[in-house]
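Asks: The residues making up each chain are set out below.
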Amino acid sequence: KNEVEQSPQNLTAQEGEFITINCSYSVGISALHWLQQHPGGGIVSLFMLSSGKKKHGRLIATINIQEKHSSLHITASHPRDSAVYICAVRYISGSRLTFGEGTQLTVNP
Amino acid sequence: GAGVSQSPSNKVTEKGKDVELRCDPISGHTALYWYRQRLGQGLEFLIYFQGNSAPDKSGLPSDRFSAERTGESVSTLTIQRTQQEDSAVYLCASSKGTYTDTQYFGPGTRLTVL
Numbered sequence: 204k205n206e207v208e209q210s211p212q213n214l215t216a217q218e219g220e221f222i223t224i225n226c227s228y229s230v231g232i233s234a235l236h237w238l239q240q241h242p243g244g245g246i247v248s249l250f251m252l253s254s255g256k257k258k259h260g261r262l263i264a265t266i267n268i269q270e271k272h273s274s275l276h277i278t279a280s281h282p283r284d285s286a287v288y289i290c291a292v293r294y295i296s297g298s299r300l301t302f303g304e305g306t307q308l309t310v311n312p
Numbered sequence: 384g385a386g387v388s389q390s391p392s393n394k395v396t397e398k399g400k401d402v403e404l405r406c407d408p409i410s411g412h413t414a415l416y417w418y419r420q421r422l423g424q425g426l427e428f429l430i431y432f433q434g435n436s437a438p439d440k441s442g443l444p445s446d447r448f449s450a451e452r453t454g455e456s457v458s459t460l461t462i463q464r465t466q467q468e469d470s471a472v473y474l475c476a477s478s479k480g481t482y483t484d485t486q487y488f489g490p491g492t493r494l495t496v497l
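Line order of the protein sequences matches chains Z and C. Per our numbering, the first sequence starts with residue 204, numbered consecutively. Per our numbering, the second sequence starts with residue 384, numbered consecutively.
In short, the hints are calculated from the structure, not lab data. Note that this is a predicted model, so its numbers are computed, not measured. All C-beta atoms in this analysis are idealised placements derived from N, C-alpha and C, irrespective of residue type, glycine included. Careful: at least some of the hints might be erroneous.
[Stated by the list, open to error] Chain Z is faced by these chain C residues, among others (derived, beta-carbon under 8 Å):
1. Ala385
2. Leu422
3. Gly425
4. Phe428
5. Asp439
6. Ser441
7. Phe448
8. Ser470
9. Val472
10. Leu474
11. Gln486
12. Gly491
[As the list claims (entries may be wrong)] BS3-like cross-link-like pairs, simulated, lysine-lysine; straight-line CA separation at most 25 Å:
13. Lys271/Z to Lys256/Z
14. Lys271/Z to Lys257/Z
15. Lys440/C to Lys479/C
16. Lys256/Z to Lys479/C
17. Lys440/C to Lys400/C
18. Lys258/Z to Lys479/C
19. Lys440/C to Lys394/C
20. Lys440/C to Lys398/C
21. Lys479/C to Lys257/Z
[Stated by the list, open to error] Restraint-style ranges between C-beta atoms, simulated for each label pair:
22. Pro242/Z to Asp484/C: 25 to 31 Å
23. Gly434/C to Gly255/Z: 25 to 31 Å
24. Ser392/C to Ser253/Z: 17 to 23 Å
25. Asn225/Z to Ser392/C: 29 to 35 Å
26. Val457/C to Gly244/Z: 40 to 46 Å
27. Ser445/C to Asn311/Z: 41 to 47 Å
28. His281/Z to Gly386/C: 23 to 29 Å
29. Gly386/C to Gly260/Z: 37 to 43 Å
30. Val457/C to Glu270/Z: 37 to 43 Å
Next comes chain Z alone, as it looks inside the complex:
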């Protein structure tokens, strides 16, 4: 069982739809990252959160420390948003990132 669980594993949406990807973890963390992996394999860091909410363009990330849960939202989705979205956490006790399995998002025109 992965310590970091993402849902859904796969998500298909129509252009313009509001997207939510969820991430839950089991123990206390110092930070949570959302990453985007493009079809060609390149990885981009989207957000790093330790509390509250962050917004960048059409992307919003929230975290609830008490519930050990984070969500990544995409408003007005576009086909170029198609990618794998990865949640990763850094536990309080360590320096490494522990990754979720990723959510494959496909946005159709």
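Take the given structure of chain Z and dock chain C to it, following the hints.
Replies: What follows is chain C alone, placed relative to chain Z:
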């Protein structure tokens, strides 16, 4: 400046051979990470370097794997006596300071062991 670069981009080797993968971090970044991503699987942490501190090697899967970093510059990941299960994309990332900073990923090296 330039982002994180890795070389080679692709490497095909025969089982039992040694391979060396290189990572050039962003200039001025003191932290450097190596990760592995097997086909269809998630990312796995391998090793973390922070400045001149002893590296966190806790993710290295076996003693065939080793990594070095000279100061705050280039890092090499060496895999000795490669096995087919070592086939994966090896990703390097760097960050400005400690592990609380945003990580910037390189394009990866795709290793295929025949």
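Asks: Next step is simple, just say for each hint if it's right about the structure.
Replies: For each hint, the structure was consulted:
With a cut of 8 Å, the hint placing Ala385/C at the interface with chain Z is violated, because the nearest CB-to-CB distance is about 14 Å. Interface restraint check for Leu422/C: the shortest CB-CB distance to chain Z comes to about 11 Å, outside 8 Å, so the restraint is violated. Of the supplied interface hints, the one on Gly425/C holds, with its beta-carbon coming within about 5 Å of a beta-carbon of chain Z, less than 8 Å. Against a cut-off of 8 Å between C-beta atoms, the interface hint on Phe428/C holds, since the closest Cβ of chain Z lies about 4 Å away.
Hint status for Asp439/C relative to chain Z: holds, with the closest Cβ pair at about 5 Å, below 8 Å. For Ser441/C, the interface hint holds, since its Cβ comes within 8 Å of a Cβ in chain Z; the closest pair sits about 7 Å apart. With its C-beta approaching chain Z no nearer than about 15 Å, Phe448/C sits outside the 8 Å limit, and its interface hint is violated. The closest approach between the C-beta of Ser470/C and any C-beta of chain Z is roughly 14 Å, which is over the 8 Å cut-off, so the hint fails.
For Val472/C, the interface hint holds, since its Cβ comes within 8 Å of a Cβ in chain Z; the closest pair sits about 6 Å apart. Hint on Leu474/C holds. Least Cβ distance to chain Z is approximately 7 Å, under the 8 Å limit. With a cut of 8 Å, the hint placing Gln486/C at the interface with chain Z holds, because the nearest CB-to-CB distance is about 6 Å. Against a cut-off of 8 Å between C-beta atoms, the interface hint on Gly491/C holds, since the closest Cβ of chain Z lies about 6 Å away.
Note on Lys271/Z and Lys256/Z: the hinted pairing holds, with a Cα-Cα distance of about 14 Å set against a maximum of 25 Å. Restraint check for Lys271/Z and Lys257/Z: satisfied, since their Cα atoms lie roughly 17 Å apart, inside the 25 Å limit. With a CA separation close to 20 Å, the supplied pair Lys440/C and Lys479/C stays within the 25 Å bound. For the suggested pair Lys256/Z and Lys479/C, the alpha carbons sit about 23 Å apart, so the restraint of at most 25 Å is met.
Taken as a hint, the Lys440/C and Lys400/C pair is honoured in the structure, with Cα atoms around 22 Å apart against an allowance of 25 Å. Between Lys258/Z and Lys479/C, the direct Cα distance comes to roughly 22 Å. Compliance with the 25 Å bound is thereby established for this hinted pair. For the hint pairing Lys440/C with Lys394/C, the CA-to-CA distance comes to about 23 Å; that is within 25 Å, so the pair holds. This hinted pair checks out: Lys440/C and Lys398/C have alpha carbons roughly 24 Å apart, not beyond 25 Å.
Under the criterion of a C-alpha separation no larger than 25 Å, the hint pairing Lys479/C with Lys257/Z is consistent with the structure, at around 20 Å. For the hinted restraint 25 to 31 Å between Pro242/Z and Asp484/C, the CB-CB distance of approximately 27 Å keeps it satisfied. Between Gly434/C and Gly255/Z the beta carbon distance is about 30 Å. The supplied range of 25 to 31 Å therefore holds. For Ser392/C and Ser253/Z, the hinted distance range of 17 to 23 Å is not satisfied, since their beta carbons lie about 34 Å from each other.
The supplied range of 29 to 35 Å is met by Asn225/Z and Ser392/C, whose beta-carbon atoms lie about 34 Å from each other. Roughly 22 Å separates the CB atoms of Val457/C and Gly244/Z, a value that falls outside the hinted 40 to 46 Å. For Ser445/C and Asn311/Z, the hinted distance range of 41 to 47 Å is satisfied, since their beta carbons lie about 43 Å from each other. Evaluation of the 23 to 29 Å hint for His281/Z and Gly386/C yields a pass: the beta carbon distance comes to about 24 Å.
Roughly 20 Å separates the CB atoms of Gly386/C and Gly260/Z, a value that falls outside the hinted 37 to 43 Å. At about 42 Å, the CB distance of Val457/C to Glu270/Z agrees with the hint of 37 to 43 Å.
Going down the numbered hints, you'll see the structure goes against 1, 2, 7, 8, 24, 26 and 29, while the others check out.
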